[in-house]
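Those protein sequences? They're chains A and B, same order as listed.
Heads up, this note's numbering is the position in the first sequence plus 3, with the first residue counted as 1.
Heads up, this note's numbering is the position in the second sequence plus 3, with the first residue counted as 1.
Keep in mind that the hints are not guaranteed to be accurate.
The list treats identical chains as interchangeable, and a pair is accepted whether it falls inside one copy or across any two copies.
Lysine-lysine pairs mimicking DSS-like chemistry, simulated, CA-CA at most 25 Å apart [unchecked claim]:
| no. | residue 1 | residue 2 |
| --- | --- | --- |
| 1 | LYS443 | LYS173 |
| 2 | LYS173 | LYS228 |
| 3 | LYS228 | LYS375 |
| 4 | LYS443 | LYS372 |
Quick caveat, the hints were computed from the structure, so don't treat them as lab data.
Model, not experiment: these values are computed from the prediction.
There are 2 protein chains.
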Amino acid sequence: MSLIAMPPASADILSRASQIIASLQAVLPLGTVIHDIEETRAYECDALTAYRCPPLAVVLPRSTDEVALAMRTCHELGVPVIPRGAGTSLAGGALPTADSVVISTIRLRDILEIDTANRYIRVQTGVTNLAVTAELETEGFFYAPDPSSQLACTIAGNIAMNSGGAHCLKYGVTTNNLLGVRIVTAAGEIAEIGGTACGTFGLDLLGLICGSEGQLAIVTEAVLKIVPKPEGARPMLIAFDSAEIAGECVARIIRSGLLPVAIEYMDDVCLRAVEAFAKAGYPVCAALLIVEVEGSEDEIRSQTEAIHSIASQLNPVEFRSSRNAEESLAIWKGRKSAFGAMGRLGDYLCLDGTVPVSQLPYTLKRIGKLSKEYGLEVANVFHAGDGNMHPLILFDANTPGELEKAERFGADILRLCVDVGGCLSGEHGIGIEKRDLMPKQFTSDDLALQMEVKSVFDPGWLLNPAKVFPLDASRAFREARADGG
Amino acid sequence: MSLIAMPPASADILSRASQIIASLQAVLPLGTVIHDIEETRAYECDALTAYRCPPLAVVLPRSTDEVALAMRTCHELGVPVIPRGAGTSLAGGALPTADSVVISTIRLRDILEIDTANRYIRVQTGVTNLAVTAELETEGFFYAPDPSSQLACTIAGNIAMNSGGAHCLKYGVTTNNLLGVRIVTAAGEIAEIGGTACGTFGLDLLGLICGSEGQLAIVTEAVLKIVPKPEGARPMLIAFDSAEIAGECVARIIRSGLLPVAIEYMDDVCLRAVEAFAKAGYPVCAALLIVEVEGSEDEIRSQTEAIHSIASQLNPVEFRSSRNAEESLAIWKGRKSAFGAMGRLGDYLCLDGTVPVSQLPYTLKRIGKLSKEYGLEVANVFHAGDGNMHPLILFDANTPGELEKAERFGADILRLCVDVGGCLSGEHGIGIEKRDLMPKQFTSDDLALQMEVKSVFDPGWLLNPAKVFPLDASRAFREARADGG
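Bound-form chain A, shown alone (with noise of 0.2 Å):
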C-alpha cells in the first residue's frame, strides 16, 4: 500500500500553504481554522493508526454554511478537501495528505427536529451515533444502526461509510435508515437529497451519498428513519468446541427462516483476550455464538426454544439463556469490551470482508490454514448472521516487515471472501486499506464507471480524491479526462 507521494516542504509550497490558510481565516470565524503542528496532530490519521500525514489546515466549522464557505475557498483555490467525522474510520478513510485540508463535521452538533408521528429525527452529522439513540430514549424509539464505534462515531461518518452493527442483521445498514440528507458539494454548493416523507423516483441519489466516503460531497444534516423499541429483547450464548460448528449453526438458523436481531461470533483467540480483560464468565471453547432475539414475552420464548432446538442437534458445549437484565448484560459484557480486549493484546489488523452465511466455516476453515501458513494469530468477532467477518490480524508493529506481512495476509483473506461470492467490506469501506483490492471485485469498466459517477458529483477530484480506487487507474482515468476536456 502506498500513499500518495508528500511534496517536500519547499518555500514555494510553505507560501501556498500560507496562502490557503490565510484564504480560509479570512472567511470563517476565529478559531475554525487550524493549522499549528500541535494541534492539528489528532488528525494526521483515523483508526488506522499505522498510517499517518500531517494536512495543511483542519477547518472545524459550526454550521453548512460554513462548510460551504470552507469548501468554495478550497474549490478555488484546487485545496484536495478530506471530509472527516470522529475519525473512527478502520480504512484510512478520514487520513489526509499533506496537500489537503481536513473538514470535520464534528462542531455541528445540534439535534433538529424529532418527529414520532413520522417517525424520524433530523440531526446534524456530527451527532454521534450513541446520541442519536439516547435522544429518542423517552419517546420509546430508537436509530438502528449500532457500529462498535456508536459511541465515538457520528452520523456524517455513519453515511459515508454505510455503517452496520450487531443490529444491522434485522434493521438493515445506514442506508436502509437514511431518509434525506443536506450537503455541501465539492464547489461549495447546499442541496438537498431526499426528505422526510419520499418515496425514491427520478435518480436514486441518496443511495449514492450513503458509503461514498466522503468523495461526492460532505453531509452536514440528515433525516434518520427511526424505530420503536421492541417490548424486550434477550440474548442467548452457544459455546462450540469447532468453529466450523459454530458457523454452521449460523448458516442453519437464517436456514430456518429465523430472524433474530443479532448473532455474533467470537472465536478462542478472541475469548482468552476478553476474558482477561472484561471476566465475562464465558465457557472455555473454540467459538461462541451470541443471538439475540426480541418482541413480547412470548415470542422471546418460542424464537429461544427454535434456536436451542437448532443448536442441540449440534451438540454445543453450552446453551446459555439469559434470564433476566443482569444476564443478559453478562452476555453482552465481553462482546461489547472485545476490540478493546485485543487492544491490549497488542497492534492488530482489522478486516472487514463479507460471505454469504452458507460459506462462514469454509471460510473460518481457509482462515485457519492461512494462519499457520503466515505465522500470525487470527482472532474472529463479527456479525456472523449477515456474513460480515472481522478477522482481527495479530502483529507486532515493532518487528519490522511484520505491518507489511499482515496486510498481505489480509489481502488474501479479503480475496478469498470474493472468491467464496462475499466482498471487500461490509461496513468499514474501501478507505486506502482496501482500494488496491478494488479490481479483485470489480472490473476496469466498473470502475470506470463508479469514477465518471464520481466526476459529476467532483469534476476537479478535489474531495478525497486519493481514496477508494486504486490509485493508478484514477491517476490514468484522470489524466485521460484532462485530455479529452
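Following the hints, put chain B in place on chain A, whose structure we already have.
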C-alpha cells in the same frame, strides 16, 4: 403534457425504419423482432392508456446475450430504446415514441437459483412478481414487494419503478429487497452490479439503477432478498364516518410505535364501487382502514388489542377483527378488487404522491375541496401506513377537455403533496405523467446533476430518453452537452 413531436412518415423515414428492422433481424433469431402494426399494437401504450404511439419495432429477446445484441444494434444506428416489462406502468414509463425500438424482458422467464441458506432468489427479470413468491411457497419464504399488479408485472418493471405494495410498510420497497443485477448498458455491454452477499461499498450503483425507469440500462437478471413467511397474519377492518378521523387513526397507529404489515385506506367513493363489484360486505362509512398484523398467535392478539384501543378513542363506526382464514379473505377481498371495481366506473387517472403520515388528515381534506372546485369525483384507495396516496380522479374520456382537466387536478394534488413535505411518486415512477412536475420537487441544479449521472451510463441519451426529466430541461441539457463535447 406534450409528447415528443412525431415525425411524419416520409419515404426517408420509412427507409430508415426498414434498415433498423433488417439490422435487428440480421443478428437475432427468427420471431424475436416484430414490426407489423397489428403485432406492435399491444406495445403502443402501457397502463396509462390515454397516451399511445406505435414504435418502429418490438424486440422480444430470450437471453441477456440477445438483449445485448439488440442494444448494440440500436446503439450503432442511434435508435432510441424503450425498455419494457409487462407494460403495467401507470405513469407512461414504457410509452414508445415513433422513432424508437421497444426491448421487452417478457420472455426472460427463468428462475435461476433459490438459496434459502443465504436468503436470496436469482431470476431473469421477465418473471412476474407473483411467480417469484409462488416459487418460494414450499420453502417457507416470500418476496416482499407486492404491487397491485403483481399477477402481471415483472421484476424488470418492479426494479425500473422501485415498486412497492401493501406490505411495504413493514418490508420496504424494491430497493430494500434487491441484492444484485445483471444489466445491459446503452452500448450493449453486459455488467454485474451487487451480488448475492454484498455489503455496499465503492459507489452504490445498484441503488442508482433501482428506480431509474429504464434510463440507465436494461436489467436482465436480478438477485432478490427473500423473507421468511410469518407464523400467521390477520387483518382488521376499522370504519369511520370521517376521512380526516381515519387519517388521524393511521397517524396515531404509526406514532404509537406499532408496525403493522399493512395499513390500507379506502374512501366512500371507492367503497361504493367495491361493494357493487365484489360484494365484500364492508360497512357503509366515509372511510375504511384495513390494518394487517403478523407474527405468533400471541403477538397478533396483543397488536390487535393495541390497535383496537387506539381506534376506540376515535369512535369508529365499526371495528371488525378477523377470527379465521375465511374472514381474513373477506376483509381483503374488496381491497384487492378495488382497481378492477374502479375501472367499471369509467375512466380514471391514478395518482401516486406521498405525504408525511401526520399530514394525511389535512391532505385528504384539501383533496376533497379541490374535487368540488374541479367538479371531478375522486376515489381514495392507498397505502396509508407509509403515506403513499393513490387518489383516483374519475373523468369521462369522451367529453372533450375532461382528460386535460383531470390532469390539471392531478398536478394540483401532486403539488399539494410536495407542499406538505411529501413527494411526487411513491412507487409508480415519473414516466411521462409527472416529468413536467419535476421542477416542483427538484431545483434546476438537482435535475442537471441527475441528467449528468444519466449521461455517464447513456452518453447518447438513447435509453428511454423522453421520460422522467422535463422535456425542455433535457433538451437544453443535451444541446449544451453537444456544444461542449
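So, going through the hints one by one against the coordinates:
With identical chains, the CA atoms of LYS443 and LYS173 are never at most 25 Å apart, being 29 Å at best within one copy and 36 Å at best between copies. For the homomeric pair LYS173 and LYS228, the shortest alpha-carbon distances inside one copy (14 Å) and between copies (13 Å) are both at most 25 Å. In this assembly of identical chains, the alpha carbons of LYS228 and LYS375 never lie at most 25 Å apart, being 45 Å within a copy and 36 Å across copies at closest. With identical chains, the CA atoms of LYS443 and LYS372 are at most 25 Å apart within one copy only, with a shortest distance of 21 Å there and 59 Å across copies.
Consistency note: the structure conflicts with the earlier hints numbered 1 and 3.
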